[in-house]
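Engineer: All chains should be modelled from the sequences, with the hints used to inform the complete structure.
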Amino acid sequence: MSQAPATDIASDDSWTARLRRRTLDAMPSEQLLPDRQPAYVASWIYVFGVASLAALAVITVTGLVLTLGGLTWWHRSSVGHFMNSLHLWSVQLFFVFMVVHLWGKFFMAAWRGRRALTWMTGVVAFLVSIGAAFTGYLVQTSFDAQWIASEAKDGINAIGVGARWNVLDVGQMLLWHVALLPLGVSLIVLAHVLLVRVRGVVPPIGFESGEERRS
Amino acid sequence: MIDLNGPGHYLTLGWFQISYANAIVITGMIALFVLALVIPFPGGDHGAPEEER
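As you go down the protein sequences, you meet chains A and B in turn.
Mapped onto the numbering used here, the consecutive letters of the first sequence carry residue numbers 1 to 215.
Mapped onto the numbering used here, the consecutive letters of the second sequence carry residue numbers 1001 to 1053.
By construction, these hints were calculated from the structure, which means they are not laboratory data.
Among the hints, erroneous ones may be present.
Listing some non-contacts, in silico: residues in chain A with all C-beta distances to chain B over 10 Å [stated by the list, open to error]:
no. : residue
1   : V61
2   : G104
3   : V128
4   : I148
Pairwise CB distance ranges (calculated) [claimed, not checked]:
no. : chain 1 : residue 1 : chain 2 : residue 2 : range
5   : A       : L32       : B       : F1016     : 39 to 49 Å
6   : A       : A109      : B       : T1012     : 35 to 45 Å
7   : A       : D12       : B       : I1026     : 52 to 62 Å
8   : B       : T1027     : A       : A54       : 15 to 25 Å
9   : A       : L187      : B       : L1035     : 26 to 36 Å
10  : B       : T1027     : A       : E151      : 23 to 33 Å
11  : B       : Y1010     : A       : R22       : 48 to 58 Å
12  : A       : F107      : B       : F1016     : 23 to 33 Å
Partial selection, computed: residues in chain B whose CB lies under 10 Å from chain A [unchecked claim]:
no. : residue
13  : P1007
14  : L1032
15  : A1036
Ideal placement from N, C-alpha and C gives every residue a C-beta, glycine not left out.
Structural biologist: Printed below as a string of structure tokens:
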């Protein structure tokens, strides 16, 4: 009995091939992980984006450590308290760096040169981060958390979402804080960073390339 | 050390009111922004903005 020769099955029309081509076209490796930057990037004002990312990394790591000890760990353990403080203060720095980054980019009109989507993903990352920080305050398991929740419920009810998103429900707020909102922030920040890599760092006003001036 | 276990302290200027804590943070952020604009970056060559480094 004869056997058919084994052949590779290859198709340029498969979705994996199309996705690979589109990804490599949009993000060549030298653009994704560059080793050179324009001279204008040598300014402290360009540091705050990556400073925000560094703070986000500390928030993520300390948040993961806090999940090991549980919701009330920080009340009864000095290690838990220290980890909770690292988590809190890295959030404060995250917002400080993000707001200074926002001011810098606003006065640079950083949406120039087909960077509108980069700007908008930054805006959305900021808004979702506010939600993540807010739910963090709600799950402190302290009188402070109770006061914030009881004050916030009226505002949340006033905008008509209190029945679905109950700030007095610690379980619901905890899951939003440790799952949905961190996932949302991470995905949007990832998209933001990839867009910065694809479009490049915005040049100062007056130093755009000819192509950027026309777009 | 500053005792944070008490009611907040507020700065009131007519209709405008802000806690000292918020005023200090916002002032610090504005100072950070201004310093980032004026302090030279180590190794940066500000004479040739179009060149790559």
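Engineer: Hint by hint, say whether it matches the structure.
Structural biologist: The hints, checked one at a time:
no.: 1; hint: V61; result: holds, 24 Å
no.: 2; hint: G104; result: violated, 7 Å
no.: 3; hint: V128; result: holds, 21 Å
no.: 4; hint: I148; result: holds, 14 Å
no.: 5; hint: A/L32 to B/F1016: 39 to 49 Å; result: holds, 48 Å
no.: 6; hint: A/A109 to B/T1012: 35 to 45 Å; result: holds, 36 Å
no.: 7; hint: A/D12 to B/I1026: 52 to 62 Å; result: holds, 56 Å
no.: 8; hint: B/T1027 to A/A54: 15 to 25 Å; result: holds, 23 Å
no.: 9; hint: A/L187 to B/L1035: 26 to 36 Å; result: holds, 33 Å
no.: 10; hint: B/T1027 to A/E151: 23 to 33 Å; result: holds, 26 Å
no.: 11; hint: B/Y1010 to A/R22: 48 to 58 Å; result: holds, 55 Å
no.: 12; hint: A/F107 to B/F1016: 23 to 33 Å; result: holds, 25 Å
no.: 13; hint: P1007; result: violated, 13 Å
no.: 14; hint: L1032; result: holds, 6 Å
no.: 15; hint: A1036; result: holds, 4 Å
Hints 2 and 13 from the list above are not met by this structure, while the remaining hints are.
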